[in-house]
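Student: Residues per chain are reported as follows:
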Amino acid sequence: MSLVVRRTLLTIAVTLLMFLVIAPFYWIFTSSVKLPPEVIASPPTLFPQSFTTQHYDNLLGGSLFLSYMGNSLIVALGTMIITVILSTLAAYGLYRLRFPGRRLLFRVILITYAFPGVLLLIPLYGLLTDVGIIDTLWALIVVDVTLAAPFATWMLQAFFRTIPMELEEAAALDGATRLGVITRILLPLAAPGVASIAIFAFITSWTEYMFASVLIISDASRTLPVGLAGIIGQYQIDWGLLMAGATMTTLPVLLLFALVGRNFVEGLTAGAVK
Amino acid sequence: MSASITQPRRRGVGTPRWLGYAFVLPLMLWLAATILIPLVQSVALSFQNVRVIGTPGEFVGFANYTRLFASERFWEAFGRSLIWVLGNAVLQTVLAFAAALILKQSFPGHRVARIWIILSWIVPTVVVVIIWRWLLSASGGIINYALVALGITPEPIGFFSTGDGAFASVIAINSWRWFPFQAVILLAALQRIPGELYEAASVDGASTLQKFFNITLPGLQSVLFVMGLIGTLMSFNIFDVIWLLTQGGPSAATTTLPVLIYDTGFRQFRLSQAAAISVVTGVFLLLFALVFMRFAAPPSDDGEEGRI
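Here the protein sequences come in this chain order: A and B. For what it's worth, my numbering labels the leading residue of the first sequence as 1, then goes sequentially. For what it's worth, my numbering labels the leading residue of the second sequence as 1, then goes sequentially.
Just so you know, the hints here were simulated from the structure itself, not pulled from any lab data. Take these hints with a grain of salt, some might be off.
[Said to hold, decoys possible] Label pairs and their calculated CB-CB ranges:
#1 B:G205 with A:Y26: 27 to 37 Å
#2 A:R7 with B:E72: 51 to 61 Å
#3 B:G195 with A:L167: 46 to 56 Å
[As the list claims (entries may be wrong)] Partial selection, computed: residues in chain A whose CB lies under 10 Å from chain B:
#4 I22
#5 P24
#6 L97
#7 R107
#8 P192
Ideal Cβ placement from N, Cα and C applies to all residues, glycine included.
Take these sequences, add in the hints, and give me the full structure.
Tutor: What follows is the structure in structure tokens.
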């Protein structure tokens, strides 16, 4: 195959692939700023011929969208902090220390994904009611950590495994305490991994729908996915409004990803290959 | 101290055994409280006749289970769940391999592409659902417009109006959401396979297929193992994308087991019955996981540990 043919085929393949992933997002972003008649115009307009912020005005003025977003942020940040602490501790124990049964423990952690979330939904509802945090954002933080932490622990293995044991040993011989070894040597070296699991936990929480739809009862405590799903049903399908909602829900993750996407993908994949 | 210096690789530096457990303990306690206790309660619930959350029930033995195994709805949902897992696995694997092989090449912007490909995975399911309902809408959706304009179909297709159509659409949409995630992981694994292996094989006259089976697949084994295990479990348990797109309809055509559990427990208010379905599902998945780990686990490479 000549170089030119190869180049052309590759260009077509790349274009198709990126089109498949990106084009739908382009379509909702542009639809969200079109005037209502243009949104449903036939033939569709690839480039917006009109510009309006009315869908966003309706969204922000006519629903609790901003408080949904605030709630989602709180839950995602809380999930992120707790997941990072629990998973980092566990990964340190599992991958830096040797003790009988750790392999079994590790498998037990991953096996947690075998149980249908729906299965846990029913008793968790009762449990969280007993503890007194049902219908609060804490309930969601508790659940989201459970969803994120096992995989996050697995992601960290690559980072902890690649740091030579000799570093720790040398520091210990020089009189560093275990805590000193962890905070001054291990954590800085594993920082990219810790950042990756932080983002993973954030995204897991940001996108969670099922638990949030059952464990939260009052409208004011809803998170974005549930709030947005409520807007779908609440109005006769108003596509402009939904496009605005979808766009506003995507933006924060886009922003986060523009800042740290590279680290995240590297961290995600490091776990898979090392 | 001296004892541990003689065998530092075994347990790190001067490490008492309990220290390892101490580090893992917080996570284990957390998971026990949020998974183990609810699990036990689910099993207990499945032997009672509780209907609505929070109301008391009586012990009814295996009644929920016998009803379950005699129920056509259950077996149909079970079969659909298998199709769901299989359909998603095939579609996602094909797309992910194709995407990974494309992204592995170097072209202008390949660094950016390798990151942003994952976009569909980082947005909430609700957004995915809104996007595709809009794209596939029978009135005003751009895909139907294109199909009609190109003369592929005389009039707009109601993608969610027939059972098979709805199920296929939901599988396709879920695959669209997940394949980039798998592509990114596959790509990283592909990049780790030393290029010299392929060169040496070429020198020895190996065909492309031989290279794939003797170099690529073995090189991907540990990744495929974890993806196969966790991917299958996660995929089986997916609820939100189906519920938000079709609520299990039309006429139960997209009701997989998780949807059936939710519908039984929170729509029909037969909580104990739902718990029984959950327990059966959980046991099935657990057996699958154990068998999978037993037979598909890659050989460990450091003598003691597998990658998992």
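Student: Which earlier hints can't be squared with this structure?
Tutor: 1, 3 and 8
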